[in-house]
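Chemist: What follows is each chain in one-letter form.
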Amino acid sequence: MRHHSAARDHVGEWKVTISGRSIEDVFVATARVIANAAGHTTDDAPAEWESIEVTARDLPTLLVDWANELLGRSEVTGLAYSELHTVRVSHLNDRSVRVSAQLRGKPVEQWTSPLKAATYHALSLEETGNEWRAELLFDV
Amino acid sequence: MSEPHSNSSASVAEPAPASPTLAEQVVRSGPYSVDVPISVRDDMHVPARIYADEELLKAILQGDALAQLVNVTTLPGIVDYAYGMPDMHEGYGFPVGGVAATLLPDGVVSPGGVGFDINCGVRLLATPFTRSQLGDRNVALTHEISRSIPAGTGRGGRLTLSDDELERVLAEGAEYLVRERGFGIEADLEHTESRGRLQDADPAAVSRRARDRGAGQLGTLGSGNHFVEIQQVTEVLDPAVAAAFGLEQGQVTVLIHTGSRGLGHQVCTDYVRLFDAKLAQFGITLPDRQLSCAPASSAEGRAYLGAMSAAANFAWANRQMIAFYVRDALLRMFPGTEPGSVRVVYDVAHNIAKREMHQGRSLCVHRKGATRAFGPGHPELPDEYRSVGQPVFVPGSMGTSTFVMVGTRESESRSFASACHGAGRALSRGAAKRAVTGAAVRAELEARGIAVRCPTSSGLAEEAPMAYKDVDRVALVVENAGLARRVARLSPIGVVKG
Numbered sequence: 602m603r604h605h606s607a608a609r610d611h612v613g614e615w616k617v618t619i620s621g622r623s624i625e626d627v628f629v630a631t632a633r634v635i636a637n638a639a640g641h642t643t644d645d646a647p648a649e650w651e652s653i654e655v656t657a658r659d660l661p662t663l664l665v666d667w668a669n670e671l672l673g674r675s676e677v678t679g680l681a682y683s684e685l686h687t688v689r690v691s692h693l694n695d696r697s698v699r700v701s702a703q704l705r706g707k708p709v710e711q712w713t714s715p716l717k718a719a720t721y722h723a724l725s726l727e728e729t730g731n732e733w734r735a736e737l738l739f740d741v
Numbered sequence: 002m003s004e005p006h007s008n009s010s011a012s013v014a015e016p017a018p019a020s021p022t023l024a025e026q027v028v029r030s031g032p033y034s035v036d037v038p039i040s041v042r043d044d045m046h047v048p049a050r051i052y053a054d055e056e057l058l059k060a061i062l063q064g065d066a067l068a069q070l071v072n073v074t075t076l077p078g079i080v081d082y083a084y085g086m087p088d089m090h091e092g093y094g095f096p097v098g099g100v101a102a103t104l105l106p107d108g109v110v111s112p113g114g115v116g117f118d119i120n121c122g123v124r125l126l127a128t129p130f131t132r133s134q135l136g137d138r139n140v141a142l143t144h145e146i147s148r149s150i151p152a153g154t155g156r157g158g159r160l161t162l163s164d165d166e167l168e169r170v171l172a173e174g175a176e177y178l179v180r181e182r183g184f185g186i187e188a189d190l191e192h193t194e195s196r197g198r199l200q201d202a203d204p205a206a207v208s209r210r211a212r213d214r215g216a217g218q219l220g221t222l223g224s225g226n227h228f229v230e231i232q233q234v235t236e237v238l239d240p241a242v243a244a245a246f247g248l249e250q251g252q253v254t255v256l257i258h259t260g261s262r263g264l265g266h267q268v269c270t271d272y273v274r275l276f277d278a279k280l281a282q283f284g285i286t287l288p289d290r291q292l293s294c295a296p297a298s299s300a301e302g303r304a305y306l307g308a309m310s311a312a313a314n315f316a317w318a319n320r321q322m323i324a325f326y327v328r329d330a331l332l333r334m335f336p337g338t339e340p341g342s343v344r345v346v347y348d349v350a351h352n353i354a355k356r357e358m359h360q361g362r363s364l365c366v367h368r369k370g371a372t373r374a375f376g377p378g379h380p381e382l383p384d385e386y387r388s389v390g391q392p393v394f395v396p397g398s399m400g401t402s403t404f405v406m407v408g409t410r411e412s413e414s415r416s417f418a419s420a421c422h423g424a425g426r427a428l429s430r431g432a433a434k435r436a437v438t439g440a441a442v443r444a445e446l447e448a449r450g451i452a453v454r455c456p457t458s459s460g461l462a463e464e465a466p467m468a469y470k471d472v473d474r475v476a477l478v479v480e481n482a483g484l485a486r487r488v489a490r491l492s493p494i495g496v497v498k499g
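These protein sequence lines are chains A and B, in that order.
With positions in the first sequence counted from 1, the corresponding number in the numbering used here is that position plus 601.
With positions in the second sequence counted from 1, the corresponding number in the numbering used here is that position plus 1.
Here chain A stands alone, though its shape is the one from the complex:
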């Protein structure tokens, strides 16, 4: 498996540990955590492919901003974005970082997501050995 996620106990909120073989895998896994939390999707065909691009000053910040972009977009469009391709994390000349991707989602039949936002609290993202590992706390 290229990536893995697991929820951890936190009294107030929802803490998730995400791991992947590449940094892109971590971003894909985060998107799927959010999509899975959204709720049961319909049997309709997926919507059209969309572009997404988020820029931030460093990788951990980028991960939070990516998660929040997906949460907000999902709530507006009513789609759970579980399909991604051409996911690319790049470092820019001004030392900021960017993630870009194509994604598409399916309509959510009954919303169950408790996620309000991803937070910077107790945020970690690091590469150890041949694995990237992130801890991300969501407000619920």
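No lab work stands behind these hints, which were simulated from the structure alone.
Ideal Cβ placement from N, Cα and C applies to all residues, glycine included.
Warning: the hint list may mix true and false statements.
To be verified - Some chain A residues flagged as far from chain B (calculated, every beta-carbon gap over 10 Å):
| id | residue |
| --- | --- |
| 1 | S623 |
| 2 | S652 |
| 3 | T687 |
| 4 | R696 |
| 5 | L726 |
Claimed, not checked - Quick list of in silico lysine-lysine cross-link-like pairs, DSBU-like style, CA-CA up to 30 Å:
| id | chain 1 | residue 1 | chain 2 | residue 2 |
| --- | --- | --- | --- | --- |
| 6 | B | K279 | A | K616 |
| 7 | B | K59 | B | K434 |
| 8 | B | K434 | A | K616 |
| 9 | A | K616 | B | K59 |
Starting from the known structure of chain A, fit chain B onto it as the hints suggest.
Modeler: Frame of chain A; chain B shown alone:
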């Protein structure tokens, strides 16, 4: 080389004593309060004070809430104390149940000190019915309210606002719905904190994404611990104040708990992100990024306050709309009922930052999971409450009591006129789901005659009574600490969960 002699002149150094933990440095400051002195950490600007008895303190010290409260004391411009309420628990940045005030104009405002659900709060309605008049129709009424109010997250309100209408809601809050759209009466506004409208709201400071999220969500509950609860007054503890609030034994009441939905979440997200990127420019360093802040007088700080106030207005409009649906459900079940006879007792926020005067100082008071609790005589109170004080509502968990309390004069000097907002979580959502099933929670509540409507079983398990602290103890400690006094106990007879 000979071995050294093992004698008294060649002693092994004693290991350095371990540094005391934060919990070990807590000092009792009163029968119901403990302090963390300012000397505990170099970056503290003020001490921290927690209102709790030994039992509640033990629970508070189990997680990171204490460390989070100490982090709050590092905010630039903070005055007096960072206060922790008896229901305090670990959050992110600020603990939930935290109160902190900064000195204006240049003290900071921190979106984390408000929370993502801006103006999450509660509105209590008093009906003209008694429990005996309702009889076993609590089940039908619960069902009727559940059908009337979209509960879960995402989209799906009954009312979708145009851009212009949303602009009016952001600017004028509940006032717009009552005066322009007929979704309530003037008395509703008189019994709402700030009359349901913060005048300094700036809709232009609310992003397009926040507007898009909010447009279809007016009149919706949201998920998590949001609910509408049908209750009865089972105990009157202060008859004079209860009479002033229009509450009497056996009366049926309805409590609405919700906030600003996705619009508020997005406003907080937008400004935490903005402030986080600008901290270096402001010359601010913080122990926790989620405390990111800006001077209230800066362009960024003013923008956040304007956006936060607009989101707060949206939340008051949201509770106004839900109250309209509840009134409508009651009228359908009891034809001929005068709509005005279903009264708003009060509506109060528990995630907000307000500009307030305290002891001659202009302050930005952050209440995250804490309620304003003005005492008698405060000019902002409605005429009929001015002599007794402001209503404060302390809901427990599903199936447990809600306390109606009243603010005290003493709370002004003890907590910037603040009290707790509920029972506070004792277990994580995961731990609650491992301990009990949604089906078991539903069965227990229904066996006690409490009708339950909830979109998901896991939602019920997460909000099980045992996941929360003892609300009786929390309310008693609030009273003993002088922050608010108990007035009445309300017990649930029907719950609609988001």
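Chemist: Each of the hints needs a verdict: does it hold here or not?
Modeler: Checked hints:
| no. | hint | in the structure |
| --- | --- | --- |
| 1 | S623 | holds (25 Å) |
| 2 | S652 | holds (16 Å) |
| 3 | T687 | holds (23 Å) |
| 4 | R696 | holds (13 Å) |
| 5 | L726 | holds (13 Å) |
| 6 | K279(B) with K616(A) | holds (26 Å) |
| 7 | K59(B) with K434(B) | holds (23 Å) |
| 8 | K434(B) with K616(A) | holds (15 Å) |
| 9 | K616(A) with K59(B) | holds (23 Å) |
Consistency with the previously given hints is maintained throughout, with no hint failing.
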